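A.B. asks: In case you want the letters, here they are:
There are 4 protein chains.
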Amino acid sequence: MSKIRVGMIGYKFMGKAHSNAYRALPMFFPKVTRPEMAVICGRDAVGLEQARAQFGWEEAETDWRKLVSRDDIDLVDINAPSDAHKEIAIAAAEAGKHIFCEKPLALNLADSIEMLNAAEKGGVKHMVGFNYRFAPAVQLAKKLVTEGRLGEIYHFRGFFLQDWIVDPSFPLVWRLQKEVAGSGAHGDLGAHVIDMARFLVGDFKEVIGMSETFIKERPLQAASSELTTGLSKKGDIDAPRGQVTVDDATLFLARFANGALGSIEATRFAPGHRCTNSFEINGSKGSIKFDFERVNELEVYFTDDADDVQGFRRVIATDAAHAYSDAWWPAGHTIGYEHTFTHEIHEFMTAIAEDRQPVPNFVDGVECQAVLEAVDKSIEERRWVSISELR
Amino acid sequence: MSKIRVGMIGYKFMGKAHSNAYRALPMFFPKVTRPEMAVICGRDAVGLEQARAQFGWEEAETDWRKLVSRDDIDLVDINAPSDAHKEIAIAAAEAGKHIFCEKPLALNLADSIEMLNAAEKGGVKHMVGFNYRFAPAVQLAKKLVTEGRLGEIYHFRGFFLQDWIVDPSFPLVWRLQKEVAGSGAHGDLGAHVIDMARFLVGDFKEVIGMSETFIKERPLQAASSELTTGLSKKGDIDAPRGQVTVDDATLFLARFANGALGSIEATRFAPGHRCTNSFEINGSKGSIKFDFERVNELEVYFTDDADDVQGFRRVIATDAAHAYSDAWWPAGHTIGYEHTFTHEIHEFMTAIAEDRQPVPNFVDGVECQAVLEAVDKSIEERRWVSISELR
Amino acid sequence: MSKIRVGMIGYKFMGKAHSNAYRALPMFFPKVTRPEMAVICGRDAVGLEQARAQFGWEEAETDWRKLVSRDDIDLVDINAPSDAHKEIAIAAAEAGKHIFCEKPLALNLADSIEMLNAAEKGGVKHMVGFNYRFAPAVQLAKKLVTEGRLGEIYHFRGFFLQDWIVDPSFPLVWRLQKEVAGSGAHGDLGAHVIDMARFLVGDFKEVIGMSETFIKERPLQAASSELTTGLSKKGDIDAPRGQVTVDDATLFLARFANGALGSIEATRFAPGHRCTNSFEINGSKGSIKFDFERVNELEVYFTDDADDVQGFRRVIATDAAHAYSDAWWPAGHTIGYEHTFTHEIHEFMTAIAEDRQPVPNFVDGVECQAVLEAVDKSIEERRWVSISELR
Amino acid sequence: MSKIRVGMIGYKFMGKAHSNAYRALPMFFPKVTRPEMAVICGRDAVGLEQARAQFGWEEAETDWRKLVSRDDIDLVDINAPSDAHKEIAIAAAEAGKHIFCEKPLALNLADSIEMLNAAEKGGVKHMVGFNYRFAPAVQLAKKLVTEGRLGEIYHFRGFFLQDWIVDPSFPLVWRLQKEVAGSGAHGDLGAHVIDMARFLVGDFKEVIGMSETFIKERPLQAASSELTTGLSKKGDIDAPRGQVTVDDATLFLARFANGALGSIEATRFAPGHRCTNSFEINGSKGSIKFDFERVNELEVYFTDDADDVQGFRRVIATDAAHAYSDAWWPAGHTIGYEHTFTHEIHEFMTAIAEDRQPVPNFVDGVECQAVLEAVDKSIEERRWVSISELR
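Residue numbers (numbering that gives the first Met the number 0), protein chains in the order written: chain A, 0 to 390; chain B, 0 to 390; chain C, 0 to 390; chain D, 0 to 390.
Honestly, I wouldn't trust all of these hints.
Not everything, but these chain C residues come out facing chain D in the computed CB check (under 10 Å) [to be verified]:
(1) Glu151
(2) Phe213
(3) Arg254
(4) Ser262
(5) Phe311
(6) Arg381
By construction, these hints were calculated from the structure, which means they are not laboratory data.
Since the model is a prediction, treat every value here as computed from it, not as a measurement.
Glycine is no exception: its CB is placed at the ideal position from the N, C-alpha and C atoms.
For reference, chain A alone in the conformation it holds in the complex (with noise of 0.2 Å):
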C-alpha cells in the first residue's frame, strides 16, 4: 500500500494539528507511506467547507456514518469532542478501517473497552493521540531509561499546570462540562501526564487522588469548541451563570509495579503557566527533567560524571544522534509542537506498512482511563485504590 486514504472527523483544534502532520509528513518525511487527505467530516457545513480549503482536504462531508462506510477510506482519524469518540470508533472498526483516535480514548474506561475489542475484533490497526511521547526531548529520554542510563528508577513527578481558566468570569465551555468532556484537568491534562509515565516509568499499581473546582458557577455563552489562545479571554461577569461539573485541578500519589514513587497533578489554575507539562524522574543512575514550553529539550545528569563537573545539562535535542533529526534542520534550530503530531502520524504510518500495531495504541487508551478511573474512585472513597480493581 503506497498511500493511506484518510478520512477525519472533527476540523477545530485538533482537526488543525492533524491536518498539518498530515500535509507536513511526506515533505519531511517522504519515505514513509503517503497519508491522503481524502475527507474531512463536521456537522456544520459552512465552518467544514471553511476548514476542508484551508487545510487541503480533497472532500468534506457532514455525516461521518457515510465517511465511516466509504470503500475509498483507509484510516478514520476522530477528533471529535470526546463523548463521540466511542460510537464513531466501533463503526469504524466494523467497517475494516484503520483508526486514530484522540484521547481521552473515551469518557469512561467501559467506554475505551469496548472500543479496544473492537478494534481487535476488526482486525484493525489502532493509535490513540499521545502526541506529546514524539517529541525529540522525550524520544530521547525513552532511551536513557531503556538503555539503563538512568539506572533503576525511584521517583517519577508530573505536572501538567494551565492558566486558561483562572479568570473567574471566563466562560463555561464545553471543557468545563462534564457531559460533553467526560473530566476536567484531570482528563484532558493529566491523562497525558498518565501517559507519558507509563511510557516512561511503566504501569501503575495504586493510586490515591484529591480534586477540586475552585470556581463553581461560571457565565454561560455561546457555544466554542475553541481553547484560547493567550491567557483567558474575560467573559462577561453578569451574564447568568451554569455550573462547572469537572475538576479545575486534581493530584494523585501512585505506585508503580516496579516500585517506583509517582506524584501527578494536573491543574488549570496555575497562573504563568500557559502549557507547563513537565516531568522528572529519578534514578539510581540519573535524573532527567522536562518542560513542554521548552519542547526541545531535555535536562540530564549522571551520578558518574567526573567529580568536579556534576550537573543537569541542558540538551537540544536537534543533533543528529536525536531521534527524528535527519527530517528536520540543522542541529540548535528547533521545531515547534505541531510537529509530535507529524512523528506521531510517522508512527502510525510506518506500523501499518510493517503490519503492526502502532504505539501508543488503544491499549495505552485504555490503560491510561483505569488509571483516570482509579484516581476518581480513591478520590470519593477517599482511599488507595488498586489499578487491578477496575480492570
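With chain A held as given, fit chains B, C and D onto it using these hints.
C.D. replies: Using the frame of chain A, we list chains B, C and D on its own:
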C-alpha cells in the same frame, strides 16, 4: 538587656552554622541586642575544645546540665541530635532560660507538646530553627502573599530533593537510624517544607502520604554525625550491614484550612539535586517559585501584567526593597545559606528586646510535628488523616 | 491578484525551508494571497526531481534563465549559492518578476547595489531573507522598542555563536571557501546580527573589527553543500588539505547613528552553541534579551516595575497579544524555527497585495552589506571605518 | 609567625567586606595563620569609631601615617579611595609592611609601577584585590583551563553590567568624578573583567575600544562615598548640576598573546543587571560560562560528551571536589559574595606563611592597569594599541 549570654549544646553542622550567626549578628546588625558566645557544650572534650577555639566561644562544658543551670546564661541553644532535644529543652525552661531549638523540635508530637508546655510554664522565649523562612527571597514571598498580591491561594507544591545517599554503599549513619533521627527524609527535609507551607499558606487540614526505603540495608561503619559535603562518599560495600530504619522518601497530598491544595515531597534519592528545597505557590492573581539552590532568587508572576509582557520575573532579593538588605552588600551581591541563621538570631534577639515570642516558635514546631505524624499515620492506615485527630 | 506563481532557484537547506513556508502559508494564513509552487530549479536533474516531488512543486527546471523568462511566473525566489544571486536577480528584475533573495544579498556591496538598482528599475517588489526578524519574540522586541517602552537605547550586544566546524578534521566545504561563500562567520552569521541591530536599533555609523581563522587548513572532500545536522561530522584527518579562505570568527564594535553602542560577534568556534543567535538591548527604561535556541521567548525588564519585584520576565511569545498568534496554537504551544520563513512569505504576499515594498527588502540587504564591508575594511586597515565611506 | 596584625585604611564598602573576611578566616580556616584586626583607620573620627566597634577592630586611628609606622602592624590593608592608594602603599612598603591593596591599584599605570617597585624594594608581600578570582566556581574555571579540559582557547567574552546610575537624576557621586575615581565603568568594572581574562586566558597583546558618557551632567549633592543598595536611588533632578567626567560604558576588542580573541564590556547602563559580572570562554574541547549573580555556579560544556547528551551542565561549585568546600557547608548550600574576600585573605595569609608572593599581586595590578590604559589610548587615538607600547 544589652547582651544575651548564650550557651550552645551541639557543635557539629548546626553548631557551626549557629556560631557563625552569633558572630555575624553584631557585625551586620549592630543595633540589635548582642548575643555573647559564652559556653559551648558537647560530650567529646577534645572535639569540643577544638570547636570552641575555632568558633570563638568563651568556655567549653561537657555536661549540658551544668550549662543549663549556670546563672550567667540567658539563652540555651539546642542543636544536639534530635533525641536529646526534649530533656534539654525542659531543663532549660525550668531554669528560666530562653530556648533556641533546632528542628525537628522533638522525635514525636507528644514530646514536642511537653516541650511547648514547659517553655510556656517557664515563661521563657522559645524559637525553633526553621531557618529557610529567613532567606530574603522567602521573606519577599511572605510579603507578596500577606499583601494579597497573589490573591486567593490555590496550590502549594513543595519539594525537598537531595541525593547524598543514592549510592547503596553509603554507610548507615545516624540519620538513617530511627531511634536517633526519629525519621528520615520526612522529618529531616519534609519538616522544612511543611513549615514553609504553614508560613506561606496557613494551617494544614488533612493529609495522605506514601513512603519508601529504597535501600533497605547499608554498610555499618564507625560513627559519623556529619553530613557529607559533596555527592555521597562511597562506603565499604563489603562491610557488615545493618537495617535502614527510616524513610528514604515520603510524599503526601494535603488540603489546607483555607481550601488550597498541597503536594509535598521529601527524598534523598533525587540524583543531581544536592539541596533542592523548592516550592511553588499559585494564587488567583499570581504565582511564585523558589529554589534553595538559588537562595537569593524568587520567580514572580502577576496576572495583571500588561498582556504582551506576561512572564515569570527572576527577582534577586538583594535590592533596597528587600528584607535585611541594609545590612549586607550592594544590589546583586548575593548572600549565602548561612545568613538564614543570622536573620533567625536577629529575630530571636529582637523578640527578647520587644518582650514577645519570636516566630517561628515551639508552637510552630508542634504544628509541624502534628503534620509529620498525621502523614505517618496516613501511611500506616492508608487513609486520609485530619490534623485535628492528633491535637 | 489572488495567487502568486513562484519559481524557486535552489533546493537545499534554504530551498527546503522556503518550500515549507509556501506550503504552510495557505494553511495557517488563509486570507493572505496564496503562493503557488510552480517551478523549482537546480542544476542536478536527479536531485532536483527528488526535491520537486518531496517539496511539492509542479514542475522542475534545470535552467534558471528559462525559469526567469516564463510568463507564468510572478515571483523568483533565489536561494542558490551566494555567488549566483546577482546574475539571477538582475535577470529576474529585467523580466519584471518580484524577487525574494536569500541573504547575503550578494558577495559584495557593489553587486548588491546593482541588484537594488535593477529591482527598482524593473519596478518589482524585492525582499531579502532576514528571517529572524519574523520570530514572534523578535516582533515583540520591535514593538517594545517602537512604542518607547525601553526608552532611549544605549546598548546593543549581539552574538551568533555556532560550533559545527570546531573539529579540525571537518572538511573544507563550500561555506569555508571565499570565492563561493564570499565570507565566513561574518557574512553567514554576522549578517543576521547586523540586520537585527538595524531592525531594532537603527542605522550603523561606524565600526571597527577583528577576525581570525583558527584552523587554516582542512581536509579536501567530495563536494557537499549541506550544513551538518548535529555537531560537526568528523572528516578524514589524513586526506589532502586545502586552505580555509574565510573567517572562523569576526567581532566588531559599532556606534549607531542614534548614539547607541554596539558589540557584535559571529563565530563558528563556540562549543556547546549549536545556534546561539542572541542579542541584548539596554535602554533607559528597560532591557530585552533574545536567544534563538529558545526562539519563542523574550526576556524583558522594566525599570518602572514595583521596587520589590524587579527582574527579567521570561515572556513566551505565544499569547493572543503576540504577533501571528491567531494563526497558530493555544498559548504556551511553541512554534519552530521554520515559521520565521512562513511569516516572511506572509509579509511578501501582503506587500504585493498592498502594492508596497516588503520589509526587509534589497535596501536592507545593501545596508547590511555596507556594514559587513566596513567591518572588513576596518580589519584590513586596522582603524574605525564610517559606513558613509562606502556608500 | 602565628598571627599577622593588620592595619586597615578605609572603612566603607570595601572596609566592611575586608573586615568580614578577617573575622571569617579563623572560624572557617582554623589552620591558616590568623589575621589580628588591630587598627582601623579613616578620617572621620565619629564614623570611624562606629565602624571599629561594629567590625570588631581593636583600635581606631585617624592618621594613616601613624598607622603605617607602628611597629605592631605587619600588614597594611588599603581600601581608601583610589587616589590615596599610591602614597599609602609606598609608605607601607618603605616601613616594611605587607600590603593588601584594593583594585584599581592606582589611578594610572605609572603610579602602579611605582607602587610595585616600592613593594619589591621593601621586600614585602603585596596583593591586589581582584576578589572574583576566589569564587569556587571561578576556581573551577581555572582548573578546567589549566588541566587542558577546554583545549586551546579561542574566545573570551566578558561583561560587567550594572544599572545603578541609569536614572539621570542620580547624583554626581565620587565614582563619577575622574580626579577621585580615575575612571568610570572601565576602571571600576572593566578592571575586574580584564583581571579575570588574564587569570583564565593569559596576557593581552593588543586592544581597541570605545567609550561613552550617556548622561553628561548630574545633580550635585552632599558627598556620599557609598554604592547604592538596590536600584539607583533617585536624586534631586532640580539641583544644580556638575559634569560627569568618567565613562558610563567602555567596550573593547582584544587579541591575547596566545591568539585568543576577546570582547570586553563594562557599563553602568544595563537595566536589570544589578551586578552581572559574567564571562564565557570557548576552547577547542569545551566551553564555560559564569555569571556573578549566580556566584556559586559554572556552566560547563565538553565536546567529547556522548553524542546524544551534549549540553551545558549547571555545576554548583559546592561539592567536595570544589575549591574551599571543606571549610563551608554541605553540597548545595551556597555561599555569598562576601567569601571571595575570605578566600583572598586565605591566599595572603598562606603566601606569607610560605614566604612567597600571593596571587594576584601588584604585578597583576600593573598588568591590569596597562590594559586599561591601552584601551584609553586606543579610544583617544582611534586605533589598535599594543600593551607593549605602554610597558
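A.B. asks: Report holds or violated for the interface hint on phenylalanine 213 (chain C), using the least CB-CB distance to chain D and a cut-off of 10 Å.
C.D. replies: holds, 6 Å
A.B. asks: Answer holds if the nearest beta-carbon of chain D is closer than 10 Å to that of arginine 381 (chain C); otherwise answer violated.
C.D. replies: Cβ of arginine 381 (chain C) sits 5 Å from chain D, so the hint holds.
A.B. asks: Do the numbers back the hint for glutamate 151 (chain C), that is, is its least Cβ distance to chain D under 10 Å?
C.D. replies: Cβ of glutamate 151 (chain C) sits 8 Å from chain D, so the hint holds.
A.B. asks: Any CB of chain D closer than 10 Å to the CB of serine 262 (chain C)?
C.D. replies: holds, 5 Å
A.B. asks: Per the CB criterion, is phenylalanine 311 (chain C) less than 10 Å away from chain D?
C.D. replies: holds, 5 Å
A.B. asks: Regarding the hint that arginine 254 (chain C) lies at the interface with chain D, is the smallest CB-CB distance below 10 Å?
C.D. replies: holds, 7 Å
Going through the hint list in order, the structure satisfies each hint without exception.
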